[in-house]
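Throw the hints in and build the complete structure from the sequences for me.
Now for the letters of each chain:
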Amino acid sequence: MYAIEAEKLTKIYGKGDTAVTAMADATFQVKPGELVAFLGPSGSGKTTILTCIGLINEPTRGKVILDGTTVADDGWQRGIDLKRMRREKLGFIFQAHNLIPFLSAVENVMVALEINGVGRNEARKRSAELLDALNLGHRINNYPTALSGGESQRVAIARALANRPRVILADEPTAALDTENGKNVMTLLKELALSNNSAILVVTHDHRMVENFDRILKVSDGRIVDG
Amino acid sequence: MNLAIRDIRYHRGRFILTSIGLGLLLGVVISMGGIYRGLFADALATVNATKADLWVVQQDTNGPFAENSRIPEDIRYRIAAVPGVAQASPLSFQTIQIDRQAKPFRFFLIGYDLNGFGGPPEIMAGRNIRQKHYEMVTAKAMKMKIGEKLHLGLHDYTVVGITGKVVSSSGDPAAYVSLADAQDIQFKKDNDAIRNDRERIGTNLAGIQSISPAQGKILMQNIAGITESTHTVNTVVARLKPGADIGEVQKRINRWNHFRPLSVEEQTKILTKGMIEKARMQLGMFRIILLVISSVIISLIIYTSTLDKIRVIATLKLIGSQNRVIVGMILQQSLLMGILAYGIGYILILLTYEKFPRRIVLEAFDLQSLFVIVIAICMISSFVGIRKALKVEPAEALGG
Numbered sequence: 001m002y003a004i005e006a007e008k009l010t011k012i013y014g015k016g017d018t019a020v021t022a023m024a025d026a027t028f029q030v031k032p033g034e035l036v037a038f039l040g041p042s043g044s045g046k047t048t049i050l051t052c053i054g055l056i057n058e059p060t061r062g063k064v065i066l067d068g069t070t071v072a073d074d075g076w077q078r079g080i081d082l083k084r085m086r087r088e089k090l091g092f093i094f095q096a097h098n099l100i101p102f103l104s105a106v107e108n109v110m111v112a113l114e115i116n117g118v119g120r121n122e123a124r125k126r127s128a129e130l131l132d133a134l135n136l137g138h139r140i141n142n143y144p145t146a147l148s149g150g151e152s153q154r155v156a157i158a159r160a161l162a163n164r165p166r167v168i169l170a171d172e173p174t175a176a177l178d179t180e181n182g183k184n185v186m187t188l189l190k191e192l193a194l195s196n197n198s199a200i201l202v203v204t205h206d207h208r209m210v211e212n213f214d215r216i217l218k219v220s221d222g223r224i225v226d227g
Numbered sequence: 001m002n003l004a005i006r007d008i009r010y011h012r013g014r015f016i017l018t019s020i021g022l023g024l025l026l027g028v029v030i031s032m033g034g035i036y037r038g039l040f041a042d043a044l045a046t047v048n049a050t051k052a053d054l055w056v057v058q059q060d061t062n063g064p065f066a067e068n069s070r071i072p073e074d075i076r077y078r079i080a081a082v083p084g085v086a087q088a089s090p091l092s093f094q095t096i097q098i099d100r101q102a103k104p105f106r107f108f109l110i111g112y113d114l115n116g117f118g119g120p121p122e123i124m125a126g127r128n129i130r131q132k133h134y135e136m137v138t139a140k141a142m143k144m145k146i147g148e149k150l151h152l153g154l155h156d157y158t159v160v161g162i163t164g165k166v167v168s169s170s171g172d173p174a175a176y177v178s179l180a181d182a183q184d185i186q187f188k189k190d191n192d193a194i195r196n197d198r199e200r201i202g203t204n205l206a207g208i209q210s211i212s213p214a215q216g217k218i219l220m221q222n223i224a225g226i227t228e229s230t231h232t233v234n235t236v237v238a239r240l241k242p243g244a245d246i247g248e249v250q251k252r253i254n255r256w257n258h259f260r261p262l263s264v265e266e267q268t269k270i271l272t273k274g275m276i277e278k279a280r281m282q283l284g285m286f287r288i289i290l291l292v293i294s295s296v297i298i299s300l301i302i303y304t305s306t307l308d309k310i311r312v313i314a315t316l317k318l319i320g321s322q323n324r325v326i327v328g329m330i331l332q333q334s335l336l337m338g339i340l341a342y343g344i345g346y347i348l349i350l351l352t353y354e355k356f357p358r359r360i361v362l363e364a365f366d367l368q369s370l371f372v373i374v375i376a377i378c379m380i381s382s383f384v385g386i387r388k389a390l391k392v393e394p395a396e397a398l399g400g
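From first to last, the protein sequence lines stand for chains Y and U. Number 60 in my numbering belongs to position 60 of the first sequence; there are no gaps in the numbering. Number 66 in my numbering belongs to position 66 of the second sequence; there are no gaps in the numbering.
Keep in mind that the hints were calculated from the coordinates and are not lab data. Treat the hints with care, since some could be wrong.
Cβ-to-Cβ under 7 Å is the rule here; a few derived chain Y residues that face chain U [unchecked claim]:
(1) K83
(2) R86
(3) R87
(4) F92
(5) N98
(6) F102
(7) L103
(8) M110
(9) A112
(10) E114
Derived DEER-like restraints, expressed as beta-carbon distance ranges [to be verified]:
(11) U/L335 to Y/T27: 43 to 53 Å
(12) U/E396 to Y/G79: 20 to 30 Å
(13) Y/A175 to U/D366: 50 to 60 Å
(14) U/L290 to Y/A175: 44 to 54 Å
(15) U/I16 to Y/N142: 16 to 26 Å
(16) U/E396 to Y/D214: 28 to 38 Å
(17) Y/V20 to U/S369: 48 to 58 Å
(18) U/R14 to Y/D221: 39 to 49 Å
(19) Y/G14 to U/G13: 40 to 50 Å
(20) U/F383 to Y/A175: 31 to 41 Å
All residues carry an ideal CB built from backbone N, CA and C; glycine is no exception.
Below, the structure written as structure tokens:
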């Protein structure tokens, strides 16, 4: 079973004469443990794919199946609890890591667990373990302002992994990092994809990182052109 | 995890400073309520201290506080003889402003019959007036010492005792002297005025040809006796016998045609509804305006604080947070700010209210009501922020 299946995924913004097709007929599958990149220039439609798969943007047409659950079929499936799906099945990593500035590193991870109903003590224990595994054991009580870019991104990865999601979606995770830190993050994502058996879908235009991916889907003008 | 507390802890400097600012504003609101209650307490201080059942004043007046009232002192005997009256005592009131230690010194002078009632309600230091002349008891707020002298009218008066918080309806501290002294201070003319009056009367009488010089002399002595008399008071207060019908007593005194007998309720109504109504409305308006300002400030603070957290809110939504987590964060912050500000305002007034020039009376009901209003304002004000937060799209967390 695929972790992500997209079939003729289309997203059109606006209506009539002003309609803009951001993504047309995107069809792809990602297996658990696979690290896949959407590579393309700005405005090519790769973030649109991410938002449709991430249950943020409703697809205009096409089908999306996440971990065996059909979440969209020409629009959202009726009765689907998008927030719950996001909490339980998805993990997000952002370009600007989006850590909550008033929470410490461990609390930033805990918040994802507590939102998903995990008790405070259990959440703290698991978060600390996760950060420790990402070599941030000594930084758990630091606020994001005290962390370097690489450390912040690793905390964001820990938060994305906290609920052991089947799918991790990363939006330009290395864009704000230098080459070394960017490579470290990609290596980490690859290890995590394998160890957690999670499908990781990365949107990037960063050609420095291409060798880290299992598969690359090139996107141009709203279409998958290669991959 | 409580996100509101975490945010406050992280931004504690800003939160505390904002709360202090809001607290000062709420302190003013609390003090306004206290001043309003103080107006009532001041207005009724003399009435309550006198412990009379009936205030007999000049006919067609709302005296002796709201309007001038002058009645003859000896009417006390007639009032005392009315069935149902246990005791009647004359009182004189006047506001005096003199210069003391090169500053204006204003107080409310009460003259009372040393054998009657209406004198100082309590003696906190020293003693009560014993001599018929030249002794006085002053309210603590006059800040006079026992043995200190005050020159009033033609004589010096020595402070022999200190009483508590008795003030006039306009908040001036009270001083007590014997009725005779008060009448002297209020009505006694100086020697020049007496000589002038006598000369004028003499000249007028000399112009009347039908009066012989001997008759004129007798007439002049009589007229001068009347014009120089000080036996006038502002009111006669009366206490009734147990079980006496106040309505009956009032009816009897009304029948004399020259006096108006006011019950304590009527006197209270004159003082509170008439004299301080405008001040009450003024203070009420100020309180409403300040509360509106407070709610606008809270709304703005919560709204800008929400704008600061748009990305945080978007991230929380993206990772699947329920709306109640986000609403709770904003609402709790608003409530905590309101509670802290109220506490600051309350403590501020509690520490300073006795230093205010006018009396501030803090009543539990007023404080509790204001607290409830502040909580309601916080909840209403946070809706603006909550509305904004609920409109935030998870997609706003994406991008650089």
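Status of each hint after checking the structure:
1. Taking 7 Å as the C-beta cut-off, the interface hint given for Y/K83 holds, the closest approach to chain U being about 5 Å.
2. Of the supplied interface hints, the one on Y/R86 holds, with its beta-carbon coming within about 4 Å of a beta-carbon of chain U, less than 7 Å.
3. Against a cut-off of 7 Å between C-beta atoms, the interface hint on Y/R87 holds, since the closest Cβ of chain U lies about 3 Å away.
4. This hint holds: Y/F92 has a C-beta 6 Å from the nearest C-beta of chain U, less than the 7 Å allowed.
5. Annotation: Y/N98 was flagged as interfacial toward chain U, and the flag holds, the nearest CB pair being 4 Å apart, inside 7 Å.
6. The interface hint given for Y/F102 is met, as the beta carbon of that residue sits about 3 Å from the closest beta carbon of chain U, less than 7 Å.
7. This hint holds: Y/L103 has a C-beta 6 Å from the nearest C-beta of chain U, less than the 7 Å allowed.
8. Interface restraint check for Y/M110: the shortest CB-CB distance to chain U comes to about 6 Å, inside 7 Å, so the restraint holds.
9. Annotation: interface hint on Y/A112 holds; nearest CB of chain U at approximately 5 Å, less than 7 Å.
10. A hinted interface residue such as Y/E114 counts as satisfied when its beta carbon comes closer than 7 Å to some beta carbon of chain U; here the least separation is about 5 Å, so the hint holds.
11. For U/L335 and Y/T27, the Cβ-Cβ distance of about 51 Å falls inside the hinted range of 43 to 53 Å, so the restraint holds.
12. Between U/E396 and Y/G79 the Cβ separation comes to about 26 Å, which falls inside the hinted range of 20 to 30 Å.
13. About 59 Å separates the C-beta atoms of Y/A175 and U/D366, a value consistent with the hinted range of 50 to 60 Å.
14. The supplied range of 44 to 54 Å is met by U/L290 and Y/A175, whose beta-carbon atoms lie about 50 Å from each other.
15. As the Cβ distance of U/I16 to Y/N142 is approximately 23 Å, the hint placing it in 16 to 26 Å holds.
16. Restraint check, U/E396 to Y/D214: a C-beta distance of roughly 30 Å satisfies the suggested window 28 to 38 Å.
17. Hint check: Y/V20 to U/S369, Cβ distance near 57 Å, so the stated range 48 to 58 Å holds.
18. Range check, U/R14 to Y/D221: Cβ separation about 47 Å, and the 39 to 49 Å hint holds.
19. Y/G14 and U/G13 have their C-beta atoms about 45 Å apart, which keeps the hinted 40 to 50 Å range intact.
20. Restraint check, U/F383 to Y/A175: a C-beta distance of roughly 37 Å satisfies the suggested window 31 to 41 Å.
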